[in-house]
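> Construct all of the structure, not just a fragment, from the sequences and the given hints.
Order-wise, the sequence lines are chains C and Z. The numbering of the first sequence is my numbering, which starts it at -11 and goes up by one. The numbering of the second sequence is my numbering, which starts it at 2 and goes up by one.
It cannot be assumed that every hint is accurate.
[Stated by the list, open to error] Below, a list of computed lysine-lysine pairs in the DSBU-like style, where the Cα atoms sit at most 30 angstroms apart:
(1) K149/C x K128/C
(2) K61/C x K172/C
(3) K228/Z x K19/Z
(4) K106/Z x K228/Z
(5) K71/Z x K106/Z
(6) K154/C x K165/C
(7) K72/Z x K106/Z
(8) K50/C x K85/C
(9) K120/C x K113/Z
(10) K154/C x K(-1)/C
(11) K172/C x K181/Z
(12) K106/Z x K16/Z
(13) K16/Z x K172/C
(14) K106/Z x K123/C
(15) K113/Z x K154/C
(16) K154/C x K228/Z
(17) K165/C x K228/Z
(18) K31/C x K21/C
(19) K161/C x K72/Z
(20) K21/C x K36/C
(21) K106/Z x K172/C
(22) K71/Z x K149/C
(23) K149/C x K161/C
(24) K62/C x K113/Z
(25) K106/Z x K120/C
(26) K129/C x K106/Z
(27) K113/Z x K123/C
(28) K149/C x K61/C
(29) K72/Z x K165/C
(30) K161/C x K113/Z
Derived by calculation from the structure, the hints in this document are not laboratory data.
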Amino acid sequence: MASNMRENISKVAAELFATQGINATSVDAIVAKADIAKVTLYKYFRTKEQLIIDYLRDYDEKLWGSLPALSGKKTSRQQLNDLVEALLDRIAQPEFKGFAYINASVEFPQADSPVNQTSVSVSQNLRSQLSKLAKEAGIKKADNLAQQLHLIIEGTSLSCKASGVKTAVANAKAMTKLLIDTAK
Amino acid sequence: MNVLDSPWMISMLEKSAKSPKDKLLALFSVLDNWISAPGIREQLGSSLEAAPSILHCCPDLTSYLNGLAKKAGSPSPHTLVSQLLILLQGAIIDELRNPSHESLKAAENAAKAILAAQTRLAWARHWKIAGFSGFSAVTAAVITILLYPHAAPKQSYQAPTPYTLASNQHDQLSPDTVEKVLALQSRIDSGICPAPQLFTMPQDQVAIYMDIVHFRSLEHPAADSRKLREFLNWYAQSRSWECYYRPVNGHTAVSWVRK
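So this is what it looks like as C-alpha cells:
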C-alpha cells in the first residue's frame, strides 16, 4: 500500500510537471489531482524539491529502460548510432514534451540548487554512456564526439515545432551518422 | 528579447566574414563571444525560463541562413540550416548548464564536419556533370571527324587520340588537390603563408585557383586539375619558404627589432 501511494503521487506529479512546468505546479495542485491529504504527500516526500529530484531520477530510469538493449552482435559504432537514433525517435513521438532534465535545468538555473545538480548529473549520465561507446569503437576523440552527439540530441528536442519535428529528427539522424562515420 | 532572431545577430554574422561558408560558421563564434559577456548568461537563462520556446523558432535568422547556405553552394540548404540550428540550440543549453565545457566550440567543429561533407558532395556532383559533358563533347568531335574527315578544324586543334582520351578520364580534379588548395588558402588567410603574387604566375592558373577557393564549378576539370597541380608545385618551390608557423608553446621567437 505504502509503495503504491508513493508511486501514485510520483505519477501524478510527473504528469503535471511535464505538462505545466515544474515551478507552475504547486503542491496543492498535486494533492488535489491525486486526491490525497497534504500530510500524506509530505509523509513520502519531505519537500517539493525531493519530489522533483525523485521525478528526474525516475524519468532517467524510464528513459534508459525504454531504449532497446544494445546487442553485442553489432559494432560499437553501429551501437552508438542506434542509441542516438533511439533517443531521437523518442523526440519524434507526438507525446514527447521535452526532456525532463533539460526543462528542470532551465527552471532551476542556479548551480547550487539540488534540482539543477540532479539534472546536470542525469545529463552527465547520458554523456558518459555515449562516451563509453565511442571509446569502445576506438575513436580517439571519444569525448568530443560524445559531446557533439549529446548536443544533437538536446538541440533536436528543442527544435522549432512549427517547421516539423519529423524533419528535424531526420536531419539530426543524417548528421549523427555523418559525425560517427567520419570520426577517427 | 530573442537575440538569436534579431537584426543585431544577422548584422554581426554579415560582418564576421567574407565567404558565405565562413558566415555560417561564425554563428557559433559570435554567440560564444556574446554569451561570455557579463550578465548575458543570466539574462538568457531567465528569458528561457519565462518562455522556453524562445529557442524554438527563429524565422528571420533561418531565412538569412538559408540564403547563405544557397550562396555557399550547399546541395540542400534547408537541411544544412536545420542541422546548424539543432547544433546551436543544443550548444546553448549545454553552455548554460556547464559553462566550462566549450559547447559552442564543439558545435562549431561538428558544423565544420558537416559543411566539409556537403562541399565534398557538391564537388562530386560538379565532377560528374563536368566529366560527363566533357566526355560527350569529345565523343561528338571524334564522330564528326570520322564521318567528315575534311571538316576537321585545321587550326591548332588536334583530334583526341585514344591515349589522351584515356588519360583525360583519369585526370579528373581529385579531392586531394582541392583539399590542398583550400588548406593553402586558409594558411594564406590566417597570415601564415604569403599570398602569391598574381602577376608572377600564369593568368589561367590564377583564375582556376580563385574558382576553387570560391567553390565555383570548373569548366575543364582535366586541364584545370593539371594547372592546379602546377600551381601548387610552383608555390611549394618558390613561396612556401616564406610561410611562418607560430612557435609552439614553450618556444619564443627571437625579435630582431631593437626596442
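> Tell me the numbers of any earlier hints that the structure contravenes, in ascending order.
1, 4, 13, 16, 17, 28
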